[in-house]
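Enquirer: Residue numbers (the numbering used here), protein chains in the order written: chain A, 1 to 215; chain B, 1 to 215; chain C, 1 to 215; chain D, 1 to 215; chain E, 1 to 215; chain F, 1 to 215; chain G, 1 to 215; chain H, 1 to 215.
Keep in mind that the hints were calculated from the coordinates and are not lab data. Keep in mind that the hints are not guaranteed to be accurate.
[As the list claims (entries may be wrong)] Away from chain G, derived, C-beta distances all over 10 Å, residues of chain H: (1) Ala3; (2) Tyr65; (3) Lys78; (4) Glu113; (5) Arg127.
[What the hints assert, rightly or not] Selected chain A positions facing chain B (in silico; Cβ < 10 Å): (6) Ala3; (7) Lys4; (8) Ala160; (9) Ala190; (10) Ile198; (11) Asn200; (12) Ala204; (13) Gly205.
Predicted model only: the values in this text are computed from it and were never measured. Just so you know, even glycine gets a beta-carbon here, dropped at the ideal spot from N, CA and C.
There are 8 protein chains.
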Amino acid sequence: EFAKLDHHRLLRQGFAEVVFCQGKTLEQVQAIMERLAEYNHSILATRATKQMYDAVKQVVTDARYHELARLITVERQKPPVDKERFILVMSAGTSDIPVAEEAAITAEMMGNEVKRVYDVGVAGIHRLLDQHQLIEQANVLVVVAGMEGALASVIGGLAAKPVIAVPTSIGYGASFGGLAALLSMLNSCAAGVAVVNIDNGFGAGRMASMINHMR
Amino acid sequence: EFAKLDHHRLLRQGFAEVVFCQGKTLEQVQAIMERLAEYNHSILATRATKQMYDAVKQVVTDARYHELARLITVERQKPPVDKERFILVMSAGTSDIPVAEEAAITAEMMGNEVKRVYDVGVAGIHRLLDQHQLIEQANVLVVVAGMEGALASVIGGLAAKPVIAVPTSIGYGASFGGLAALLSMLNSCAAGVAVVNIDNGFGAGRMASMINHMR
Amino acid sequence: EFAKLDHHRLLRQGFAEVVFCQGKTLEQVQAIMERLAEYNHSILATRATKQMYDAVKQVVTDARYHELARLITVERQKPPVDKERFILVMSAGTSDIPVAEEAAITAEMMGNEVKRVYDVGVAGIHRLLDQHQLIEQANVLVVVAGMEGALASVIGGLAAKPVIAVPTSIGYGASFGGLAALLSMLNSCAAGVAVVNIDNGFGAGRMASMINHMR
Amino acid sequence: EFAKLDHHRLLRQGFAEVVFCQGKTLEQVQAIMERLAEYNHSILATRATKQMYDAVKQVVTDARYHELARLITVERQKPPVDKERFILVMSAGTSDIPVAEEAAITAEMMGNEVKRVYDVGVAGIHRLLDQHQLIEQANVLVVVAGMEGALASVIGGLAAKPVIAVPTSIGYGASFGGLAALLSMLNSCAAGVAVVNIDNGFGAGRMASMINHMR
Amino acid sequence: EFAKLDHHRLLRQGFAEVVFCQGKTLEQVQAIMERLAEYNHSILATRATKQMYDAVKQVVTDARYHELARLITVERQKPPVDKERFILVMSAGTSDIPVAEEAAITAEMMGNEVKRVYDVGVAGIHRLLDQHQLIEQANVLVVVAGMEGALASVIGGLAAKPVIAVPTSIGYGASFGGLAALLSMLNSCAAGVAVVNIDNGFGAGRMASMINHMR
Amino acid sequence: EFAKLDHHRLLRQGFAEVVFCQGKTLEQVQAIMERLAEYNHSILATRATKQMYDAVKQVVTDARYHELARLITVERQKPPVDKERFILVMSAGTSDIPVAEEAAITAEMMGNEVKRVYDVGVAGIHRLLDQHQLIEQANVLVVVAGMEGALASVIGGLAAKPVIAVPTSIGYGASFGGLAALLSMLNSCAAGVAVVNIDNGFGAGRMASMINHMR
Amino acid sequence: EFAKLDHHRLLRQGFAEVVFCQGKTLEQVQAIMERLAEYNHSILATRATKQMYDAVKQVVTDARYHELARLITVERQKPPVDKERFILVMSAGTSDIPVAEEAAITAEMMGNEVKRVYDVGVAGIHRLLDQHQLIEQANVLVVVAGMEGALASVIGGLAAKPVIAVPTSIGYGASFGGLAALLSMLNSCAAGVAVVNIDNGFGAGRMASMINHMR
Amino acid sequence: EFAKLDHHRLLRQGFAEVVFCQGKTLEQVQAIMERLAEYNHSILATRATKQMYDAVKQVVTDARYHELARLITVERQKPPVDKERFILVMSAGTSDIPVAEEAAITAEMMGNEVKRVYDVGVAGIHRLLDQHQLIEQANVLVVVAGMEGALASVIGGLAAKPVIAVPTSIGYGASFGGLAALLSMLNSCAAGVAVVNIDNGFGAGRMASMINHMR
Ligand SMILES: Nc1ncnc2c1ncn2[C@@H]1O[C@H](COP(=O)(O)O)[C@@H](O)[C@H]1O
Ligand SMILES: Nc1ncnc2c1ncn2[C@@H]1O[C@H](COP(=O)(O)O)[C@@H](O)[C@H]1O
Ligand SMILES: Nc1ncnc2c1ncn2[C@@H]1O[C@H](COP(=O)(O)O)[C@@H](O)[C@H]1O
Ligand SMILES: Nc1ncnc2c1ncn2[C@@H]1O[C@H](COP(=O)(O)O)[C@@H](O)[C@H]1O
Ligand SMILES: [Mg+2]
Ligand SMILES: [Mg+2]
Ligand SMILES: [Mg+2]
Ligand SMILES: [Mg+2]
Ligand SMILES: [Mg+2]
Ligand SMILES: [Mg+2]
Ligand SMILES: [Mg+2]
Ligand SMILES: [Mg+2]
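Bound conformation, chain A alone:
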């Protein structure tokens, strides 16, 4: 038995176990998704290849694939959404969009209104300041940035609401696979910023959703 599904998780934490596809065989992903689909109306699998999706599709016919975000989703019943309290997902560059989309779709799956503002890195700060109103209105913010990751600090200083920072592996040389952005975000001189793993759009979306649901 290669997987012990945590069927209790939906009750305990409000969403079924999310499948981490990387490092699993096609058969394993297929079987796990099939079992989850029996007990849950919303399921999510991350870091999935197209090939994995094809295998899942055979047994869970209503599964959808989000290519950029590398997500497989099943959504049989839309959760109710409060349109007033939105999560704002921002990316510093166009290349960071796959991770940003992973966060955005995750949050949508979990019943949140999500707005997206992409490609507003700090090198052209006026593009960012143009978004001032959205930043102030957002209930939670997810900031996705590679290279030097400076966007998180700037947003952290502008927003009055919690910022979840996601470093990405976009960059080269001394970005060391996202390390530069990660360290930058951890050392943010703005308070109200917390960080998830490099490229972990899913984790950011999940965290933002939890916060956005607080009453």
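Please arrange chains B, C, D, E, F, G and H with the ligands on chain A, whose structure you already have, making use of the hints.
Expert: For chains B, C, D, E, F, G and H with the ligands alone, coordinates are given in the frame of chain A:
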């Protein structure tokens, strides 16, 4: 002019600029605190030595010093507190308490009810499971741990509310000044966990407060 | 002469030299296995590709291939096994199974009863606590985990018997190829935990076998 | 309440909770030791300064201090010891002795016969080969080495019994605080070697004791 | 003979050899400064302690000490300065001022008009935008920042002139002695930014001066 | 909308936004280049594959591809060039030429006279000294080197003008992807050297151009 | 002109410039080898692919390829060799042989008698001690080892002659691409050991040859 | 018994065991030196404090202390020295002299003629080229440099004899305790350079002596 105080911050983010004392001279800390005390009823300075406090005390007579947490606080008017929605600050070991206290006092200063559960590291998991109810009732959780930092993942799996994880530099050898706990927390297999800098109790307390105030 | 086989090892340490296939040519692996098969009834080769196995199969016809575990084995005579004293091999996730299987098969080859419990990571701790009895009955434990590797500390705190911890390279971003799990395990706040190299299932299986054979 | 003692540990794992003194105040160490001394006949505190010992001595009058090993011990009733099955603690250099003693005394406290062989680093391998008989007779081996830590691999190749390797921070420059020895030991080409944290003599002694008590 | 002075440097590069005091004995610093003072009218020594200055003062009576910047200077003849083309030295925090001053005084010594704007970190970006005019008028910019070093990217995006970025070791935890700020600055998504060593105010001042003198 | 072009940049900084192609899809690169080509007469895209160029060529018919340098350029109107003030681009080895060309072509695009001297690493210092005159005449220098990156320090000591150092990832083993050259250049004992990211020829060319245009 | 050959090197250092093929195009390698072949009777190119060799072969017809060692050699006139003074090249494992051969062939090209002893890692120290006589007779020793690299220290302690240690990237996990072996060798507790870059068989062979030719 | 002296070493390797004082107690250093002094006429202890020397002086009255080099030496009978074959010890800066002296005195103790050339770093390359003749005449070279360590590559390119490179911890910031110089030297593009540990003057002197004695 060695300091440009961000007097706007109280309006923008609900709390005055917090002073980072490390690397500042006694004169600088003293002067900055004096100026802040003119315009604000609640002020906070972090990573302050006793000597810095003594200098501040001369000009801001109602300043208090929290030795373990290395904080200087001035609190002229208690903010209203919702006792039902509490922040739970947990530490893995006794040695992590200074950082945990930095988080707890910061959150209290910002108008939150805080409960503390210290020394419940995963090596004796029953101590932790004994706290099950508190973990479920908490509105936000701050988990402070050094060494391998595993506590964050376990709490992340149990709680349905957001967890702010704070790695500490407690440990030796391959803890590399808190790096082991930091990486561990960033790679948490539980979702709903976000991380702040090593030993950054202040940042965790601030973030937890922001989340706890969401309605 | 590209290999000096340590024929003395069987006598000295109770098992023939184990072949590390990575970095060797097909011809080298083939020739080494052929020579070992002349003098030993049990032989083991690790990190072997299917292609290497095909080459070996030609000259050692009773060789078997374990695809997931990337092992080639020859076992002409089963060693006696004490069923009461079993080694428990646990994995945190499904993706860690290849390394766990490398450990389990190694231990079986060396004459041990092995039980497997896979996919019991700490994010759903009840799955783990369900295995409480097995953990208490086990004579030695092998704990295989990637990402933050917290499972080792939790098991180390529950078990009264030695725990061999194996970090895996499963993860991404700040897992840095298994570094996060490795550091986490080395800094375990539970005593009775010792660590082998990242992805070194073989080493863990060998160590567990040595300990399990102590009388 | 700054410490939640794990009183259950003696039952669960055969030895009371061991106190990690680093990062604790004098008062904390004193109070924890006092409470532990009420319920246990053998107690151990690691990484203790002389000053901490003096504070403990006031409330636990039969406490002893081992200066080199930085241990505080209380031993009211010697556990029975099997003299035939001894643990061999080896050090590569004289400078590694403090860590080796931490391991040796820990193991003795836990009811083991311990033999010591110090200063037998691989630079003069005949010194090591002179100890051949002891190495063969030992039931478990603890190998303590700094700098390049090569001793663990050589002993791992000679011994038929489990080797617990302890890297130390002895060295300078590219030893990077013990990292060189740690990596060296983790990559040992000899099987039957598992590693604990840099300078963690306690952990090695505890692990060796667990293994030595197996029947 | 412990020092081979590069007397040719004044001719070759327009300024005499600058003495790096760290790691030198009092006698060495004293003797080197004495010899340099014979041949040059402007001399500079970096990373000098007060004690070193006292020794130098005995033999070079017109030497001055800049405590914050840890510089010893001798300036017998002011170089002509073009007031229109100024170097703007900016710091993110108050704690970064010592490094900023090292840069500013170095540049002044080398015949440049220098303006200073300190404590304008990105957490309160309006403080920074208030300086918009100065940023546009500056001929060269030196940006000094610790923690996450984001200031360099923001200035790099605003200014049309070259930016020399200086990471500082201000910070703690995952700042790793300035590594976070260094990597951040190297990965700046704004072009027109080049970086010098952590805390190297001198190098930044020298580089800025070279650029500012271009015609 | 996946890209917010910074159309203001030409005005603000004298050159249109430069496209970083890595991590973008073919469609994204194509669309961004098409839009930029509408508003600008000179455009530049870096880290572009041949495939990306082919996609761009369809919509921007006068685009050119520089294979070695991995640049796409559009140049409809040559900027005026001052032939007297040239930028000297030097490389240590032949293998560093791609990065050197990225710098050289970038600078040419931005209206600079560029001279190239390649393969003059310090292992044969006479090759370097032969270029003495060019080094003295250059107005700005770009030094591109992998392996140990020593060339930057030697040139920094010879030249009276600013040196922009570019570490490359050329090397193996302990070059750690360019880290060795990067650290070497940051620690240059020659003043007047500033550093850009590993393999960042573009950044060096841009910076050199800014400096070369100073009057 | 992409390459400035150092034709003076033969005179200065006794052997023509050696071509580092990695990162060069086929055309570059071909052209450089052609030019070198005009002026020298012995030439060497390292890290060459088979494809590069095929290109070279077209223009330098007497070139040979050493597949395992990835060397291209041209040797028109054998240098005289002193058979009594031999270089001993040792490898810890079979997988290290490619690097060992790079060293051995390099040394042979430069006029040395070379003996090879491969696969004598420290895990079976008797295999090593069996070579005692050769180790004592050798004039210079090259020790090639991956994983934990302990062989260098053991040989360093046995031999009275200089040892050149070559760490290899053979290993996995915490070998970090050869870092473990590199650090181990640098921290060797035996004196008389100096280290070259990871996988740098060429450098070791060249150094050993220089030492072996001393009179 | 805390030390097993390797009395055989004088016979095996031509010089008695050298004492590494760091991490040893005063009593241990004293006792070890006393025993060594009974059997040897030349003894050497490295990394010794003045206090250690005072303790040794009481029992070995003819011991001498070299403060800068931190060496204790006893030399009762000068070994014969060949004045023609000299070792050239070079340092890049004045601050590197302590390590250079450790190398020089070690080599002198072992019967070598040593010449010293200090403070000839590459920032003023003419100072270095002035020493051209000495560099050509030297039989072995030891190059000691901190910061970027470029001196080793330049000397490696000039000299026809073996170069032993010693990185030092002189520097700050991104020198990371000597790591920058170490990596630089390991990646030297000049062949004929081998490296010892950071600050390991002793190891370099010993290696140079071995090479210098070859006939
Ligand atoms: N302990 C702390 N850790 C991280 N950031 C802090 C800390 N204390 C204050 N800060 C932040 O540091 C900034 C002030 O830095 P400075 O201008 O140097 O006093 C403020 O923006 C605070 O939000
Ligand atoms: N020197 C040591 N190294 C690692 N772990 C230790 C050490 N000493 C005690 N421990 C463990 O640390 C835990 C106690 O931590 P604390 O609650 O902070 O005293 C216990 O579970 C011990 O097993
Ligand atoms: N603070 C500094 N940081 C980096 N390099 C410096 C510094 N101060 C002086 N230098 C350089 O160090 C060299 C002098 O080193 P030394 O011969 O050891 O005094 C000169 O070439 C200076 O350019
Ligand atoms: N495998 C190798 N490792 C290190 N250096 C090498 C290697 N092969 C050649 N070299 C050196 O690289 C330089 C040639 O570099 P390049 O000009 O790029 O061909 C020469 O100085 C050689 O001494
Ligand atoms: Mg963009
Ligand atoms: Mg505790
Ligand atoms: Mg699972
Ligand atoms: Mg010794
Ligand atoms: Mg401030
Ligand atoms: Mg070349
Ligand atoms: Mg072998
Ligand atoms: Mg100097």
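Enquirer: A closest beta-carbon separation below 10 Å is what the hint needs, so does A/Ile198 meet it against chain B?
Expert: holds (8 Å)
Enquirer: Under the criterion of a CB-CB separation shorter than 10 Å, is A/Asn200 in contact with chain B as hinted?
Expert: At 8 Å from the nearest chain B Cβ, A/Asn200 passes the 10 Å test, so the hint holds.
Enquirer: Beyond 10 Å from chain G, beta-carbon-wise, is H/Glu113?
Expert: holds (15 Å)
Enquirer: Return the status of the interface hint for A/Ala190: holds when the least beta-carbon distance to chain B is below 10 Å, violated otherwise.
Expert: A/Ala190 check passes; min Cβ-Cβ to chain B is 9 Å, inside 10 Å.
Enquirer: If we take the beta carbon of H/Ala3, is the closest beta carbon in chain G still more than 10 Å away?
Expert: Non-interface label stands for H/Ala3: nearest chain G Cβ at 14 Å, farther than 10 Å.
Enquirer: Against chain B, run the beta carbon of A/Ala160 and see if the smallest gap drops under 10 Å.
Expert: holds (5 Å)
Enquirer: A closest beta-carbon separation below 10 Å is what the hint needs, so does A/Gly205 meet it against chain B?
Expert: Result: holds, 9 Å to nearest chain B Cβ.
Enquirer: Return the status of the interface hint for A/Lys4: holds when the least beta-carbon distance to chain B is below 10 Å, violated otherwise.
Expert: Violated: closest Cβ of chain B sits about 13 Å from A/Lys4, beyond 10 Å.
Enquirer: Confirm or reject the statement that H/Lys78 sits farther than 10 Å, beta carbon to beta carbon, from all of chain G.
Expert: Given that every Cβ of chain G is farther than 10 Å from that of H/Lys78, nearest at about 21 Å, it holds.
Enquirer: Against chain B, with CB atoms and a cut of 10 Å, does the hint on A/Ala204 hold up?
Expert: Holds, because the Cβ-Cβ distance from A/Ala204 to chain B comes to roughly 8 Å (cut-off 10 Å).
Enquirer: For H/Arg127, is the shortest beta carbon distance to chain G beyond 10 Å?
Expert: holds (20 Å)
Enquirer: Measuring from the C-beta of A/Ala3 to each C-beta in chain B, is the shortest one below 10 Å?
Expert: violated (14 Å)
In summary, the structure is inconsistent with hints 6, 7 from the numbered list given earlier, while agreeing with the others.
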